Amino acid sequence: MKQYLGNVINALMTILIGMKVTFKHLFVPAVTIQYPTVKPELPERERNRLYVNMDDCIGCDQCARACPVDCIEIETVKSLPTEDLGKTSNGKRKALWVTKFNIDIGKCCFCQLCVFPCPTECIYMTDVYEFSEYERNNLVYNFITLTPQEVEEKKSNYAKFEEEKAAQKAAAAKKAAEEKAAAAAKKESEEKSASTKPNEETTIAKKDAAGNPQSGEKKEES
Amino acid sequence: MTIYNFLLKLTGSGILASFIQSLLPLFVFILPFALFAVLLERKVSAHMQDRLGPMRVGYHGILQTVADILKLIQKEDITPTDTDKPLFNIAPILVFAGSYAVFAAIPFSSAFIGTNISLGLFYIVAVSSLVVAGILMAGWASNNKYSLLGAMRSAAQIVSYEIPTIMVILTIVMVSGTLNLNTLSEMQTGHFWNWYILGGPGAGLSKFLLIPFMVIGFIIIYTSTLAEVNRTPFDIPEAESELVAGYHTEYSGMKFAMFFLAEYANMFAVSAIVVAIFFGGFQSPIGYLGNTLGIHWLIPIEQFFWFTMKGMFFVFVQMWLRWTLPRLRVDQLMAVCWKYMIPIAFVNLIIIGLITYI
Amino acid sequence: MLDFESEKEMITEENNIDYKSGNIKTEEMVLNMGPQHPSTHGVLRLELELDGEIILNVIPHIGYLHRCFEKHCEAMTYPQVIPYTDRMDYLASMYNEFGYAVAVERLCSIEIPERVEYIRVIMGEFQRIASHLVALGTYGADIGAVTPFLFCFRDREKILSLFEMTCGARLLYNYIWIGGVSHDLHPDFIRLAKEFVTYFKPKIKELNDLLTNNKIFIQRTANVGVMPLETAINYGFTGPNLRASGLKWDLRRDDPYSIYNKFDFDIPIGDGRMGTVGDSWDRYYVRVLEMEQSLKILEQALNQIPEGDVTSAVPKRVKPPVGQIYSRVENPRGELGYFIMSNGTVNPYRIKVRGPSFVNLSALGELCRGHMIADVIAILGSIDIVLGDVDR
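For the record, the sequence lines run as chains A, B and C. Take the first sequence: its position 189, counting from 1, is numbered 177 in the numbering used here, and each next residue is one higher. Take the second sequence: its position 66, counting from 1, is numbered 166 in the numbering used here, and each next residue is one higher. Take the third sequence: its position 29, counting from 1, is numbered 269 in the numbering used here, and each next residue is one higher.
Please keep in mind that the hints were generated in silico from the structure rather than gathered at the bench. These numbers were taken from a predicted model, which means no experiment stands behind them. Where is the CB? At the ideal position from N, CA and C, for every residue including glycine. Certain hints may be false.
Stated by the list, open to error - Computed beta-carbon distance windows for the label pairs:
#1 A:Val26 to C:Pro427: 20 to 30 Å
#2 A:Met1 to C:Pro275: 37 to 47 Å
#3 A:Leu(-7) to B:Val259: 40 to 50 Å
Said to hold, decoys possible - Computed footprint of chain A on chain B, listed as stretches where at least three residues anywhere in the stretch have a Cβ under 8 Å from a Cβ of chain A:
#4 143 to 150
#5 419 to 426
To be verified - The list that follows gives simulated cross-link-like pairs (lysine-lysine, PhoX-like), each with its CA atoms no further than 20 Å apart:
#6 A:Lys8 to C:Lys455
#7 C:Lys488 to C:Lys455
#8 B:Lys143 to A:Lys8
#9 C:Lys502 to C:Lys455
#10 A:Lys66 to A:Lys88
#11 A:Lys143 to A:Lys153
#12 A:Lys12 to C:Lys536
#13 A:Lys66 to A:Lys143
#14 A:Lys8 to C:Lys445
#15 C:Lys445 to C:Lys536
#16 B:Lys175 to B:Lys185
#17 C:Lys445 to A:Lys12
#18 C:Lys455 to C:Lys445
#19 A:Lys66 to A:Lys153
#20 A:Lys27 to A:Lys8
#21 A:Lys8 to C:Lys443
#22 C:Lys488 to C:Lys502
#23 A:Lys95 to C:Lys311
#24 A:Lys12 to C:Lys441
#25 A:Lys82 to A:Lys143
#26 C:Lys455 to B:Lys439
#27 C:Lys536 to C:Lys398
#28 C:Lys488 to A:Lys(-10)
#29 C:Lys398 to A:Lys8
#30 C:Lys311 to C:Lys536
#31 A:Lys(-10) to B:Lys171
#32 A:Lys12 to B:Lys185
#33 A:Lys82 to A:Lys66
#34 A:Lys174 to A:Lys162
#35 A:Lys27 to C:Lys502
Between the sequences and the hints, there should be enough to build the whole structure, so can you do that?
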């Protein structure tokens, strides 16, 4: 019997205490804000949409390697020695043309692992969080500052440069080989005319089919 | 001078007058009240939870319910296959009719009462049981395990909780001697110390002895009527987190709107009954402005105003309880009714009977 | 995942109704609380075998959130795994990272500065409070009391804004790195954190008034889902669920990691004051008490935190020696264990995670036997699972 009445009184008391709490909250001002008209203040370290400042990018590929979901794609082309790409904001000299820098922000997991390895701090996270698109392809952000023609130009320039270099190298090597052959022949004739010593060793430059000199081997001339 | 007489003079035909008079509660009162109550619930719940509620439609969200009704009206009426079509379609109408028919006997003011039948309270209790039939129909015809469970629980709950309600009503009938709600309200004239919650009209020892038992009676009837309208803590039939939405899961569009409106109309109806029985009906607690100023036609308007205020206050308390308390499980609900409410109501009845005899 | 064989069996069983006189067989109803349901905390499919309203068996079907975490890690380097560990138990991300960092540091024998240890403990305890707030709030919402849910989330917002100030993200942080943390604390952090600690103590009292001591809530949760201690240990229960059954077992004290042995805090256990020891109310109340203990640890840590450099011990490349290690930490949900096997390269050879929610969920059938449908919700909420941890 006592427990019965105790139950009833306990129930009523706890219900009334609960009602008091809720009633007090009627007069507490709201903690919510009316979103589209009032936007929240974001802290300075906020991690939202990525941005790359291409003037500072040296094309080192560190951010693409650090990304856990592989959303950054970078392709670079070496620049010619004659071209001057300028310096980055902290004094490094740029040596690569960046021909492709795509970030698929739809894949990005906003983990910030790409921001830390960048030597020039050119990739960073802004505070833009309203970037919805209607087409999924529009979420692939393209950051390069070269036009497609320029990209082609740079690539072909580099290809040409490489060819020239290779041709030059070939010509120089041929010339050097010829000179060396001439010098060797001259030396040989000098020695022949001098005296034949049995154990003297002369190095005769070996030539392969292309006329490029190979590493000299000591050949014992009998 | 009642509204019926006024209309009779206006139209000259008794039938037309009573027809218009019976439509008045619906259009003048229930529909605007339902619109208002939906918004009130959302705003009250929001402010209790430290947030703002609807703010965009209209100034601070006043027109929100209008937007909701427009949305519900133009929604597609989806009827699942394999349902029992006649039952499916009639169920919301029955629920709404059961809630609305109660308003015929509620005294809004001394000039207006739907019908002045001498069996007011008896009629109210009888007609509000139509709701059970409607709910069972809705649950069965939905062809859905969850709805069926919800409907059966609801039927059990409503039928059980009618018993403490009736016992407390019996108490009041014993004390006052009449079932007619209009007379009951008029017996509590004067100021608030003549209300039944404080012992009733008249003075003397029996009045003061009655007070604690009247308070107990009030608590019992308020809780039982809360269970009858399926509000938390007794809202197992509509438990959102367990049965998705209970017996009205499968309804969409206007039919759902009818269930919705019926719930709010029912809420007001039971609050009105509690007010009429315990808190003086349409009487004002502090005397009438019309009396002091000498303007006699102001009095019925003031009475209407007081009645609505008191009814709204109890509706507000119902909402307050909803947002504070967790839900009771079905067997605990039954235990509360049969093991706690009915014995206490019974003992209350006996003691009050003894006191009035004295 | 989708178990068709047992379903076939059940359908044929239902069709064999024996109508011989006096031998009417009542059939069990199979109710499916499907993957989409408002109260299973995530995508979990529960198959309930019912006899009327009484439950005979509960079979959970999981795997709807499986994202191949363990296989994926084999293609990442060690620091790149950290964003993935965040996403396992997404309500307690700091602790997942903490556990992983402790495991790799033990494998590589890296010494970390003391300031880093303090920061990790502070973040971990804040995360514990935030995770318990979600658990308590959603538990109340399942039972029917919607208001405490919003109060809990309002307080959790304050913790999340502290995290946002430090590392920039609110839920998935990538903050605790191998060998250190990614950013040093914001200059205002300690002041705001101390303000939070003083602000939060009365809120626990308010939550107790509104929900914990409410008679209706007690009736819904006391004596429901009682887990005796022996059974709990046999199932592998850990965390607040085990402590509610009466055993004082806390990895922060019994298998200490980081600097928890410097702090003074109690270990709350369930004592069955509202029903029996090990019922749902005990599991709920242990979490409330744990929040208070976390506040105690936070006060001590915020007062004692030393100065230092937080990124000095972060290695350029993490290349552990060949070997394997199993290390465990005390997640807000239980014992989170990482088994890491390395073969000397920069990618881990195998990482296996012992998820606490996975093990805790296995006991659901045992707990629900004999109760009603409404109790399944109460029991599931009290075990406090996160599907990200169950399925990984």
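Sort out which numbered hints this structure fails and list those numbers smallest first. When the structure is compared with the hints, numbers 3, 7, 9, 12, 20, 28, 29, 30, 31, 32, 35 turn out to be violated.
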